[in-house]
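Heads up: the protein sequence lines correspond to chains X and E, in order.
The first sequence finishes on residue 173 if you use the working numbering, and the numbering steps up by one all the way, no holes.
The second sequence finishes on residue 553 if you use the working numbering, and the numbering steps up by one all the way, no holes.
Read the hints as simulated data drawn from the structure, not as lab findings.
Computed from a predicted model, the values in this text were never measured in an experiment.
The reader is advised that the hints may include incorrect statements.
[What the hints assert, rightly or not] Only part of the chain X face toward chain E is listed, based on derived beta-carbon distances under 8 Å:
#	residue
1	VAL39
2	TYR44
3	ARG81
4	LEU87
5	ILE113
6	TYR124
7	PRO129
8	TYR138
9	LEU170
10	LYS171
[Said to hold, decoys possible] Some but not every residue of chain E turned toward chain X, in silico, with C-beta under 8 Å:
#	residue
11	LYS2
12	ARG5
13	PHE6
14	ALA8
15	LEU9
16	ARG12
17	MET233
18	TRP240
19	ARG252
20	ALA289
21	VAL474
22	LEU502
23	HIS503
[As the list claims (entries may be wrong)] Distance condition first, Cα-Cα at most 27 Å in a straight line; then the derived DSS-like pairs of lysine-lysine:
#	chain 1	residue 1	chain 2	residue 2
24	X	LYS114	X	LYS53
25	X	LYS134	E	LYS47
26	X	LYS49	X	LYS60
27	X	LYS69	E	LYS479
28	E	LYS54	E	LYS72
29	X	LYS166	E	LYS136
30	X	LYS49	E	LYS136
31	E	LYS119	E	LYS103
Think of the CB as a built atom: it goes at the ideal place given N, C-alpha and C, for glycine as much as any other residue.
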Amino acid sequence: MESEELIRQIMDEVMKNLAKDQVSFAKKPAGANGSAGSVSAANYPLGEKMPEKIKSATGKVLSDFSVDKVISGQLTAEDFRIAPETLELQAQVAESVGRDTLARNMRRAAELIKVPDDELLQVYNSLRPYRSTKAELYGIADGLESKYGCTVNAAFIREAADVYEKRGRLKAD
Amino acid sequence: MKSKRFEALDARPVNKDGFVTEWPEVGLIAMNGPNDPQPSIRIQNGKVVELDGKSRDEFDMIDTFIADYGIKLDNAEAVNAMDSLELARKLVDINVPRAEVVKLTTAMTPAKICEVIGKMTVLEMMMSVTKMRARKSPANQAHVTNLKDNPVQIAADAAEASLRGFAELETTVGIARYAPFNAIALMVGAQVGRPGILTQCAVEEATELNLGMRGFTAYAETVSVYGTEPVFMDGDDTPWSKAFLASCYASRGLKMRFTSGTGSEVQMGYAEGKSMLYLEARCLYITKAAGSQGIQNGSVSCVGVPAAVPGGIRAILAENLIATALDLECASSNDQTFTHSDLRRVARSLMQFVPGTDFICSGYSATPNYDNMFAGSNWDADDYDDWIIIQRDLKVDGGLVPVLEEDVTRVRNKAAKVIQAVFRELGLTEISDEEVEAATYARGSQDMPNRNVVEDIKAAEDLLKRGLTGVDIVKALAKSGFEDVATSVYGMLRQRVAGDYLHTSAILTDKFEVISAVNQPNDYNGPQTGYQISDEKWEQLKTIRQAISPENV
């Protein structure tokens, strides 16, 4: 138990450092992958069939990726992060084969790309039972919505708060 | 006087196993429990107002989550009104395609699907799994751990396991703070054995996600869900928190599956008098509802519980079948040991081995049992030849291939050298030539020299503090002359940008091509359809080193 506590502390620290180094997520214009249009299972795997239309979260085109660029430092760890537009395309692929709930998860995920690692883990921990009051969960939802535009996740968290209240799983005030 | 027959029987390994009679009130019943609810569903204005005998105001958290997200409602009332026997027959019938069955099963309630599957024999369930498995080709997963958390051994065992055919490798830790070392050693070693192997490190949720974000792992699996609300609370999660965690993984381009299994609720004392299969069905609907692409199930670490009751091994197959029928990837357990009897452990595994699942074991211990840190395995490295020969006997592809000793020692040696170089380049602890040599020929950690654990842990913490990522590993590999392994680790990182492996049942070929239920859906509809062992593959499977041929007589 003690070592678990310790590692959690260490992780918290590390994530704070990570977040500091993070490049801005604001740079990619809306619809950076818009040219890809809508896709289905026929376009899958997207990384093999249309790498020129897949961009990383930092806006770099997948077909320009190479191991040499990693070695030379032209590609950094940040460049290996998936973009919201790509997850939207993958959600469309999932829907085209009838996997609606997987698509919904991918769309929630697309919103969360912008949320820094440490904040994401904080939200997750707040959603665990007895961790938050209803007001706290609503506050988290508002924050995600206003700061990062996470409307789907915000609604999901508010819904969780309502269910937790009904089932007595909130933190006592 | 004592019967000599019974004296001999009492001494048999099977009689060291624990068995209990059914006790439905506490949930000690495999399936078709007398207190399981009658299936029912009522929908008003697009909202479920009654589910399996409960009205919405009586719903617990799990009922609410399943009702709101887990069932395809368009056809639900009609499907749930259908005769369960007729539905069971459709699940088995080779003339009813998988896609048609999925439309029915995903519209069923948890109680309904249990009633349907409850009409089937294990043979019929196996037939059905052959058809309902999401990915056309079966595969297998290994556990790579050791008592000492020795990273050199992990790298060597990972390389060997990859060479032997496993598509995914999973590690965990003895000492939690070793996690970054184990994850890195596993990933690098796996890529030495065969490019494109997916790896994971099963640790506490937040740590596991962190390792994935850094590019030290490619997927996660230990995202546990439970079938009753009190047990979910004991697991310190809710369906909403787990669904959110699923999205966290996807947002970082990481593959993820949930974990559940029969017996967990009764083991934790809150089965609410329901059968193990009914509670597991609820877990599977939560999994579906959360939008996870798949599940690891088949009792997993609670296998001792269903294995002790009548029909328990049947229930384990039944839960795997429900997973496939809900169109989920199924990593079908066959991992934790549950019996002293070699006969029982084989019989248990044939249920998934013969029909084939997305991962028959999840996983198969790539070390001797004493090194398995997941509490001992039904199959381990000492059984490799048995598994391979059973494949050859039955002409079944169980995910492994025969290998030669010289190839195994070659990849083990290379993996040990590669991790030695990575540790050196990244400024971690020293790996000696003596350790490389030992890992090359080791059976397990008893053959490995001891390491300085304090120094290792300090270095492991330090690498996290320094913010090292998979990119640093690629650079370290290239700098130390292992360009091929650098390219493979890069290939794994590249996957997370495209996200193709986030889809159901995705694995990678040695050329980093994604194979999943999207581009390789199971199209089984009777003999000579679906997955067929190619001539080339059969040649490989039947060529074992032990066979005498006319030429060498």
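Here's how the hints hold up against the structure:
1. Taking 8 Å as the C-beta cut-off, the interface hint given for VAL39 (chain X) is violated, the closest approach to chain E being about 11 Å.
2. The closest approach between the C-beta of TYR44 (chain X) and any C-beta of chain E is roughly 5 Å, which is under the 8 Å cut-off, so the hint is satisfied.
3. With its C-beta approaching chain E no nearer than about 7 Å, ARG81 (chain X) sits inside the 8 Å limit, and its interface hint holds.
4. At a threshold of 8 Å, the smallest CB-CB gap from LEU87 (chain X) to chain E is about 6 Å, leaving the interface hint in force.
5. Below 8 Å, beta-carbon pairs count as interface contacts, and ILE113 (chain X) has one with chain E at about 5 Å; its hint therefore holds.
6. With a least beta-carbon distance of about 6 Å to chain E, the hint placing TYR124 (chain X) at the interface is held under the 8 Å criterion.
7. Below 8 Å, beta-carbon pairs count as interface contacts, and PRO129 (chain X) has one with chain E at about 5 Å; its hint therefore holds.
8. For TYR138 (chain X), the interface hint is violated, since its Cβ never comes within 8 Å of a Cβ in chain E; the closest pair sits about 14 Å apart.
9. The criterion of a C-beta within 8 Å of any C-beta in chain E is not met by LEU170 (chain X), whose closest approach is roughly 11 Å, and the hint is violated.
10. Taking 8 Å as the C-beta cut-off, the interface hint given for LYS171 (chain X) is violated, the closest approach to chain E being about 13 Å.
11. Hint status for LYS2 (chain E) relative to chain X: violated, with the closest Cβ pair at about 49 Å, above 8 Å.
12. The restraint placing ARG5 (chain E) at the interface with chain X is violated, with a minimum CB-CB distance near 50 Å, outside the 8 Å limit.
13. A distance limit of 8 Å between C-beta atoms decides the matter here; for PHE6 (chain E) the minimum to chain X is near 47 Å, and the interface restraint is violated.
14. Among the interface hints, the one on ALA8 (chain E) is violated; its C-beta lies about 47 Å from the nearest C-beta in chain X, farther than the 8 Å criterion.
15. Because the smallest distance between the Cβ of LEU9 (chain E) and any Cβ of chain X comes to about 44 Å, over 8 Å, the interface hint for this residue is violated.
16. Given hint, ARG12 (chain E) at the interface with chain X, is violated; its Cβ is 40 Å from that chain's nearest Cβ, farther than 8 Å.
17. For MET233 (chain E), the suggested interface contact is upheld, since its CB lies about 5 Å from the closest CB of chain X, less than 8 Å.
18. A cut of 8 Å between beta carbons decides the hint on TRP240 (chain E): the least distance to chain X is about 4 Å, and the hint holds.
19. Hint status for ARG252 (chain E): holds, given a least beta-carbon distance of 7 Å to chain X, under 8 Å.
20. Of the supplied interface hints, the one on ALA289 (chain E) holds, with its beta-carbon coming within about 6 Å of a beta-carbon of chain X, less than 8 Å.
21. For VAL474 (chain E), the interface hint holds, the least distance from its beta-carbon to any beta-carbon of chain X being 5 Å, beneath 8 Å.
22. With its C-beta approaching chain X no nearer than about 6 Å, LEU502 (chain E) sits inside the 8 Å limit, and its interface hint holds.
23. With a cut of 8 Å, the hint placing HIS503 (chain E) at the interface with chain X holds, because the nearest CB-to-CB distance is about 7 Å.
24. At most 27 Å may separate the alpha-carbon atoms for a hinted pair to count; LYS114 (chain X) and LYS53 (chain X) meet this at roughly 20 Å.
25. Distance hint between LYS134 (chain X) and LYS47 (chain E) is fulfilled; the C-alpha atoms sit about 24 Å from each other, no more than 27 Å.
26. For the hint linking LYS49 (chain X) to LYS60 (chain X), the alpha-carbon distance of about 17 Å falls within 27 Å, and the restraint holds.
27. Under the criterion of a C-alpha separation no larger than 27 Å, the hint pairing LYS69 (chain X) with LYS479 (chain E) is consistent with the structure, at around 14 Å.
28. Taken as a hint, the LYS54 (chain E) and LYS72 (chain E) pair is honoured in the structure, with Cα atoms around 18 Å apart against an allowance of 27 Å.
29. Distance hint between LYS166 (chain X) and LYS136 (chain E) is unfulfilled; the C-alpha atoms sit about 43 Å from each other, more than 27 Å.
30. Taking the CA atoms of LYS49 (chain X) and LYS136 (chain E), the gap is near 21 Å; set against the 27 Å cutoff, the hint holds.
31. About 19 Å separates the Cα atoms of LYS119 (chain E) and LYS103 (chain E), which keeps this hinted pair within 27 Å; it holds.
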